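Q: Residue strings, one per chain:
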Amino acid sequence: MTTVPSELAVETEAKGALPSGGAPTPARRVLHSLRTSPGAIASIVIIVAIALMAILAPVLSAITGWDPYEFDPTAIDSDLGGLPIGPLGGVSAEHWFGVEPGNGRDIFIRVAYGAQVSLLIAVSATLVTTTIGVVLGMIAGYFGGIADQVISRVMDFLMAFPTLIFMIALLSALPAGNRPALLVIVLSIFGWPYTARIIRGQTMSLRNSEFVEAARASGAKPLRIAFREVLPNLRGTIIVLATLAVPGYIGTEAGLSFLGVGVTPPTPSWGQMISTAVGWYAVDPMYFLIPGTFLFLTVFAFTVLGDHLRKALDTGDAA
Amino acid sequence: MKKGTVFIGLALAGSLALTGCTGGSGGSGGSASGGLSGEPATGGTLRVLQNADFSHLDPAQGFDGGVNNFYRLIYRTLTTQGAGEGAEGTEIVPDLATELGTPNEDNTVWTYTLKDDVFFEDGTPITSKDVKFGVERSLDPSISIGSPYAKIVLDIPEGYEGYYLSGPLDSIETPDDRTIVFHLNQPYADFDAVVGQAPFTPFPADADVTTTSIDQQPIASGPYRVTEYQRGSTLVLERNEHWDPETDEVRTAAPDSFEWTFGLDAATIDERMIAGQGEDANAIAGSVAPASIARIQTPEIQSRTVAGLQGCTTYMGLNTTKPGMDNVLVRQAINVAMDKEAVKDATGGSQLADIATTIMPPTVVGREEFDLYGTEDQTGDPEKAKELLAEAGYPDGFEFTLDIRNQPKMQAQAEAVQQSLAKAGITVNFNLIDTSTYYEVIGTLSQQHDAAITGWCPDWPTGATFLPPLFEGSQIFEKGNSNIAQLNDPAINERMAEIRLMTDVDEANAAWGALDEQIMELAPQVPLLYEKTVMVVGDNIAGAFSHAGFSGGIDYVSVGLKSAE
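Residue numbers (my numbering), protein chains in the order written: chain A, 1 to 319; chain B, 1 to 565.
There may be inaccurate statements among the hints.
[Unchecked claim] Simulated DEER-style distance windows between Cβ atoms:
(1) Leu-259/A with Leu-264/B: 18 to 28 Å
(2) Ala-181/A with Leu-264/B: 35 to 45 Å
(3) Phe-477/B with Ala-181/A: 34 to 44 Å
(4) Pro-490/B with Gly-177/A: 31 to 41 Å
(5) Gly-480/B with Asp-307/A: 53 to 63 Å
(6) Trp-96/A with Glu-300/B: 29 to 39 Å
(7) Gly-292/A with Asp-208/B: 50 to 60 Å
(8) Leu-259/A with Thr-212/B: 35 to 45 Å
Hints in this document: simulated from the structure, not taken from any laboratory. A quick note: this is a predicted structure, and the numbers were derived from the prediction, not measured. Here a beta-carbon is modelled for each residue, glycine too, at the ideal position from N, C-alpha and C.
Could you build all of it, start to finish, from the sequences and the hints given here?
A: Here's what the structure looks like:
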């Protein structure tokens with residue numbers, strides 16, 4: 001697959017005729033195309049809202065008067081196994097999304113702080129994997145030879161690994177320490193080859209394009225060519241890959257927390273909330289629905305946005 | 001040496017919701033309490049839905065509340081615990097023996113006489129030689145992982161490795177077929193309870209019993225025999241025709257057969273028991289999950305709910321050797337700051353737990369009620385805790401690491417502890433440990449941290465099986481340690497030695513009760529909860545009650561069907 005340039009690659013190559021790269025016109029075209037799509041706008045709104053919620057979690061905590069670790073024994077019924085008092089899992093003016101059974105912690109604030117954890121881990125992992133993936137992918141694609149051989153074999157090895165099982169094993173074996181950092185590292189180790197493979201393929205096709213030949217003929221050094229000529233032409237691909245990677249990492253982080261190897265309690269995490277809520281589905285379905293909905297919306301919004309970006313970049317370039 | 005093994009009982013009861021039981025005493029806070037009245041009818045098949053299989057069918061190897069309860073269906077011992085609610089269930093009564101043992105003057109030699117007309121499942125009479133053989137085979141190191149008391153109190157020569165390797169044991173004499181005499185290595189007033197432990201089960205001395213054969217094919221001496229067993233999936237017991245009810249005052253044994261289904265998900269069991277449809281009307285199961293408590297409040301389900309204390313204490317042990325924790329004021333501050341209400345709610349609320357104030361649970365004979373560090377509503381007193389901390393030299397707060405199990409209930413408890421101590425300026429960091437290695441880690445001196453949440457169940461409900469394993473200096477072991485507080489206080493050690501020498505069991509029990517308070521003054525632990533079991537049974541079940549001796553599980557030898565049609 002790596003030797004056959006994707007459609008996107010072909011388009012980028014065509015555009016590559018403008019050596020200046022990063023022309024403002026396609027960018028504006030992409031923005032325009034996104035603006036006219038209701039799906040893209042909706043997903044951007046959701047992402048911004050959730051990002052704001054995550055960033056402003058301490059402020060929200062001050063407004064509602066609950067911090068994510070604070071118990072509220074008055075909101076639960078000790079005689080009913082700790083079930084929240086009131087309808088819909090204890091939804092009230094005081095607790096907007098109800099409370100957790102067993103301890104009365106405010107779900108709204110925990111979801112907000114959970115978003116912080118989720119987004120922080122997913123975005124960090126995306127940054128790390130994209131950086132590693134782009135650098136190694138370009139080295140492999142541009143220089144070829146031994147470098148390509150080594151990097152490609154490492155990628156094959158990592159991609160052939162039963163990733164989830166290995167992550168679970170690794171995270172259970174490692175000391176608790178700084179869990180979010182650990183999660184980012186583990187996600188990155190297994191995540192970068194997916195970016196690197198695509199970047200490698202595209203770099204290989206760009207390497208032989210005329211403007212690169214021209215740069216080479218005019219005496220530019222390989223590194224300069226790679227970063228000044230090739231990289232700008234990969235920009236679209238990188239943006240799409242990164243956008244699509246974020247929901248993947250959010251989902252994986254939630255999954256690992258659900259399985260009990262993600263962030264440690266009492267740090268709020270969506271996956272962990274969903275995991276605890278499973279037992280309560282019959283008597284307190286809201287406890288399951290709320291973090292579940294947020295997880296779904298976030299993953300969905302990032303995926304939709306990524307798809308639209310891809311489409312917009314494709315058509316934008318083609319135009 | 002009573003280490004390690006006992007908390008397996010709690011581990012199973014707690015983590016797998018295998019069994020549950022109550023003592024009836026100490027008051028069940030919830031609406032459900034006591035047993036289901038009514039005499040069971042003879043006959044029928046009683047079904048048991050269970051998450052995990054029994055640990056071992058070999059009584060030398062199994063050692064937890066659930067399996068000990070089961071052993072009484074197929075095995076008999078010289079004595080056993082009574083069949084009844086509350087204190088009736090924790091009383092030691094004769095079983096194979098005609099009466100309790102006759103000790104010599106200093107309680108080092110005990111003599112028992114066997115009943116007539118007691119038989120194995122193949123019809124051969126049970127003799128004193130079979131009891132002796134049963135004990136001897138249980139001392140084989142490869143299988144002696146069950147109740148350790150035979151090893152502790154019998155006079156066993158150095159290097160004895162069981163019947164097969166070392167031959168007969170001289171310290172057990174059988175002058176005739178009905179009489180058996182035990183020679184002990186120490187005075188032991190409570191020996192009647194020791195011969196009721198599972199490793200004292202008789203097995204035919206002349207039959208082809210090998211070290212491991214019992215675990216595969218048990219030889220029944222009780223009212224039932226194993227007819228079908230598929231590990232992890234089903235176990236069927238049929239009536240043992242050679243068991244004579246006339247010789248047995250403890251077991252009702254009303255059903256004709258028992259059928260276990262293993263490997264069911266805990267939530268599935270709750271669903272099935274709540275619905276109670278079809279064959280499940282004849283079924284019993286272990287304790288329900290907190291999430292199911294709200295669903296069993298209807299009058300119909302309440303009428304078939306059995307509840308009781310597990311007879312264990314859930315506590316947070318404080319490692320008295322760690323810097324800071326070695327200061328008694330700090331440990332007292334942690335006790336004072338603890339919001340036990342929050343811990344209770346995290347565990348499942350008032351129906352699944354009572355708040356603990358003493359080391360020993362209410363089911364223990366001789367236990368005294370006291371509360372050294374409690375507040376009126378048991379929600380903790382952060383201000384007083386801060387004062388104590390300041391006095392101890394920590395005016396800016398204190399920080400420690402808590403070992404916890406990677407398991408929802410334990411995590412919820414730990415979070416409640418963390419939250420309540422935070423109010424007093426005490427920062428709790430978690431060290432999350434996988435459930436399978438948890439006890440190994442906290443039982444290894446070099447690996448345990450400042451504190452750990454765990455539990456303890458007595459092997460029989462007296463202080464003798466509760467306080468020494470947890471607080472005696474000589475019971476601190478490099479590995480497999482149960483004295484996780486690492487308390488080694490000369491006054492306490494001395495008092496324990498004194499109580500052991502008491503020949504009057506009642507006096508000794510009362511002394512253990514008083515020692516409980518003396519130990520709590522040193523605050524080596526925070527007693528958190530006396531957890532309870534709440535079990536829903538099918539609507540055709542009669543005679544079900546929670547037995548205080550078996551982690552609160554329904555007493556198998558008493559339960560039966562209302563109608564055996």
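Q: Now tell me if each hint is right for this structure.
A: Here's how the hints hold up against the structure:
Here the CB-CB span from Leu-259/A to Leu-264/B is close to 21 Å, well matched to the stated 18 to 28 Å. Ala-181/A and Leu-264/B have their C-beta atoms about 40 Å apart, which keeps the hinted 35 to 45 Å range intact. Take Phe-477/B and Ala-181/A: their Cβ atoms lie about 37 Å apart, and the range 34 to 44 Å holds. Roughly 40 Å separates the CB atoms of Pro-490/B and Gly-177/A, a value that falls within the hinted 31 to 41 Å.
At roughly 58 Å, the beta-carbon separation of Gly-480/B and Asp-307/A lies within the given 53 to 63 Å, and the hint holds. The supplied range of 29 to 39 Å is met by Trp-96/A and Glu-300/B, whose beta-carbon atoms lie about 36 Å from each other. Here the CB-CB span from Gly-292/A to Asp-208/B is close to 59 Å, well matched to the stated 50 to 60 Å. In this structure the hint that Leu-259/A and Thr-212/B lie 35 to 45 Å apart at CB holds, the actual value being about 36 Å.
In the structure shown, no violation is registered for any of the earlier numbered hints.
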